[in-house]
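K.L.:
Model the full structure from these sequences, guided by the hints.
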Amino acid sequence: MKLTTAALGGLAAIAGVAAHDLTQRRHSLLRTFPVIGHGRFLVEAIGPELRQYVVAANDEERPFSRDQRRWVYASAKKENNYFGFGSDNDMEQAANYAVIKHRTFADVAPPTHDHAAEQVVLPSAKVLGGPRGRRHAFRPQSVVNVSAMSFGSLSPNAISAINAGVGIAGALHNTGEGGLSPYHRQGGDLIFQIGTSYFGCRDEQGRFDLDRLAALVESAPVRAIEIKLSQGAKPGLGGVLPAAKVTEEIAEIRGIPVGQDCISPSRHGEFDSVDGLLEWVETIAERTGLPVGIKSAVGNLAFWEELAELMADRTRGVDFITIDGGEGGTGAAPLTFSDSVSLPFRLGFPRVYSIFARRGLTDDVTFIGAGKLGLPDNAVVAFAMGCDMVNVAREAMLAIGCIQAQKCHTDTCPVGVATQNPWLARGIDPALKSVRLANYLMTVRRDLLKVAEACGVLHPALITVDDVELLDGDGGGVSLRERYAYEPGWGELGPALAEEISAIMLGTAPQGGEAPESADAE
Numbered sequence: 001m002k003l004t005t006a007a008l009g010g011l012a013a014i015a016g017v018a019a020h021d022l023t024q025r026r027h028s029l030l031r032t033f034p035v036i037g038h039g040r041f042l043v044e045a046i047g048p049e050l051r052q053y054v055v056a057a058n059d060e061e062r063p064f065s066r067d068q069r070r071w072v073y074a075s076a077k078k079e080n081n082y083f084g085f086g087s088d089n090d091m092e093q094a095a096n097y098a099v100i101k102h103r104t105f106a107d108v109a110p111p112t113h114d115h116a117a118e119q120v121v122l123p124s125a126k127v128l129g130g131p132r133g134r135r136h137a138f139r140p141q142s143v144v145n146v147s148a149m150s151f152g153s154l155s156p157n158a159i160s161a162i163n164a165g166v167g168i169a170g171a172l173h174n175t176g177e178g179g180l181s182p183y184h185r186q187g188g189d190l191i192f193q194i195g196t197s198y199f200g201c202r203d204e205q206g207r208f209d210l211d212r213l214a215a216l217v218e219s220a221p222v223r224a225i226e227i228k229l230s231q232g233a234k235p236g237l238g239g240v241l242p243a244a245k246v247t248e249e250i251a252e253i254r255g256i257p258v259g260q261d262c263i264s265p266s267r268h269g270e271f272d273s274v275d276g277l278l279e280w281v282e283t284i285a286e287r288t289g290l291p292v293g294i295k296s297a298v299g300n301l302a303f304w305e306e307l308a309e310l311m312a313d314r315t316r317g318v319d320f321i322t323i324d325g326g327e328g329g330t331g332a333a334p335l336t337f338s339d340s341v342s343l344p345f346r347l348g349f350p351r352v353y354s355i356f357a358r359r360g361l362t363d364d365v366t367f368i369g370a371g372k373l374g375l376p377d378n379a380v381v382a383f384a385m386g387c388d389m390v391n392v393a394r395e396a397m398l399a400i401g402c403i404q405a406q407k408c409h410t411d412t413c414p415v416g417v418a419t420q421n422p423w424l425a426r427g428i429d430p431a432l433k434s435v436r437l438a439n440y441l442m443t444v445r446r447d448l449l450k451v452a453e454a455c456g457v458l459h460p461a462l463i464t465v466d467d468v469e470l471l472d473g474d475g476g477g478v479s480l481r482e483r484y485a486y487e488p489g490w491g492e493l494g495p496a497l498a499e500e501i502s503a504i505m506l507g508t509a510p511q512g513g514e515a516p517e518s519a520d521a522e
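Numbering follows this note's numbering, in which position 298 of the sequence shown is assigned residue number 298; successive positions increment by one, without gaps.
Source of the hints: derived by calculation from the structure; they are not laboratory data. Take the hints with a grain of salt, since some may be wrong.
Stated by the list, open to error - Distance windows between CB atoms, simulated:
| # | residue 1 | residue 2 | range |
| --- | --- | --- | --- |
| 1 | E249 | D275 | 34 to 40 Å |
| 2 | A15 | K78 | 55 to 61 Å |
| 3 | R314 | E499 | 21 to 27 Å |
| 4 | R314 | V258 | 44 to 50 Å |
Said to hold, decoys possible - Mimicking SDA-like on lysine to any residue, the simulated pairs with C-alpha atoms at most 25 Å apart in a straight line are:
| # | residue 1 | residue 2 |
| --- | --- | --- |
| 5 | K101 | P488 |
| 6 | K101 | G477 |
| 7 | K407 | D261 |
| 8 | K77 | Q119 |
| 9 | K77 | V120 |
| 10 | K78 | L432 |
| 11 | K101 | D88 |
| 12 | K101 | L506 |
| 13 | K77 | D88 |
| 14 | K101 | V478 |
| 15 | K78 | I168 |
No residue lacks a Cβ here, since even glycine has one placed at the ideal position from N, Cα and C.
P.N.:
Okay, here's the thing in structure tokens:
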């Protein structure tokens with residue numbers, strides 16, 4: 001049988017690959033197993049996809065399991081996000097598994113309908129900037145908001161979708177440290193983040209410029225300012241935007257060279273002490289009138305001890321503190337930093353909160369939690385420990401189409417979320433995806449409200465550390481109070497704040513009914 005030209009060409013190509021593999025020195029595997037060794041590299045390259053779609057069970061994939069992603073996707077699309085046949089979680093054997101303890105009898109009860117309470121406003125129990133008397137203090141109208149993700153890290157279409165989505169949901173959108181772009185002006189209120197490079201508020205030499213900051217926040221719907229000290233996924237390091245993502249547009253917004261890695265410093269240039277930080281906070285707040293807070297991961301506690309000590313006389317202070325857990329995400333970080341440098345949220349937050357609680361300062365500060373808190377069960381734990389609001393990042397990305405491909409650092413995100421490639425970014429329709437983000441945010445708030453009412457209270461900030469138990473994986477469990485050594489009253493709102501938020505919610509939250517009484521009912 002005569003071989004066709006195509007077949008001969010194929011054999012020649014295989015022979016050429018074999019010859020190359022046998023003579024090259026870079027890969028031992030290919031020198032020993034020419035041609036077929038390439039199969040190993042192919043399987044390795046598509047390993048994440050194989051695990052995601054074929055191998056992994058519903059509850060085991062990280063950072064978000066298949067069940068968690070399915071819940072976010074269904075919530076964003078307003079599809080049925082209920083689960084049948086019971087939990088996939090191994091709650092009998094899992095350590096630190098959180099169980100929320102409902103009340104049999106209470107003055108409030110959650111409505112049963114699956115879409116009930118989706119349109120209910122779920123505001124913060126605290127007025128942001130109120131205790132410090134900021135001119136533009138306000139009560140955030142959503143306890144669930146979108147965390148810092150910069151334009152540059154995310155695509156123009158992704159930022160546009162997120163900003164328009166928070167506008168629909170009445171939430172807040174943190175700009176991230178990459179500056180304020182046109183895509184942040186799609187109808188959503190903003191928290192402007194100031195990082196170590198001062199993008200958006202710096203002069204030609206890269207130094208902070210207060211006049212430029214004031215002009216910027218006056219030109220946009222900025223409601224608060226967040227000073228980024230560190231990030232849970234890469235604490236102690238500045239931001240990194242790979243050269244492939246530094247387009248002309250991003251370079252213009254940030255004031256940096258095109259096509260070069262954008263490396264932010266690890267430390268701020270405007271202060272080098274806690275005292276200097278507080279002076280800078282007060283300077284910015286006085287000039288802009290906005291609430292000013294900080295974002296940080298948790299490591300050495302000396303910083304937090306000194307901060308609380310200097311705030312104790314109430315002459316200076318931050319208006320809010322965002323605690324970012326070490327399990328939080330990033331577009332790019334060294335593995336050691338993302339895996340091992342900062343405390344996870346459930347360890348870091350209570351250590352910081354307790355420092356302020358001992359000095360009686362917790363009602364003066366709005367505490368915001370971040371780090372996989374866009375799942376209602378995790379968020380409930382955060383509220384019980386003393387959080388007033390939670391920020392979501394990767395969950396928001398999932399809501400607008402992220403498939404957890406984990407290619408954020410390569411500029412090749414296949415769904416256009418974390419890329420500056422115009423062809424890939426066009427995959428996101430901001431008009432459609434903004435609605436999906438809004439649906440997701442409203443669903444999280446709905447579930448938080450329902451769980452709160454199942455615990456007998458009108459707002460998730462009223463859930464206490466005694467309402468949540470952590471199982472130990474060996475047949476026992478302890479309350480959050482016992483696990484984190486919370487003293488009486490810790491994690492709870494002061495009486496005036498609790499009464500105020502209860503009154504607000506009593507007039508707006510739908511209540512579940514009760515079965516009709518019989519004539520002989522007790």
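K.L.:
Which of the numbered hints are not met once you compare them with the structure shown?
P.N.:
Nothing - there is no hint that the structure violates, so all of them hold.
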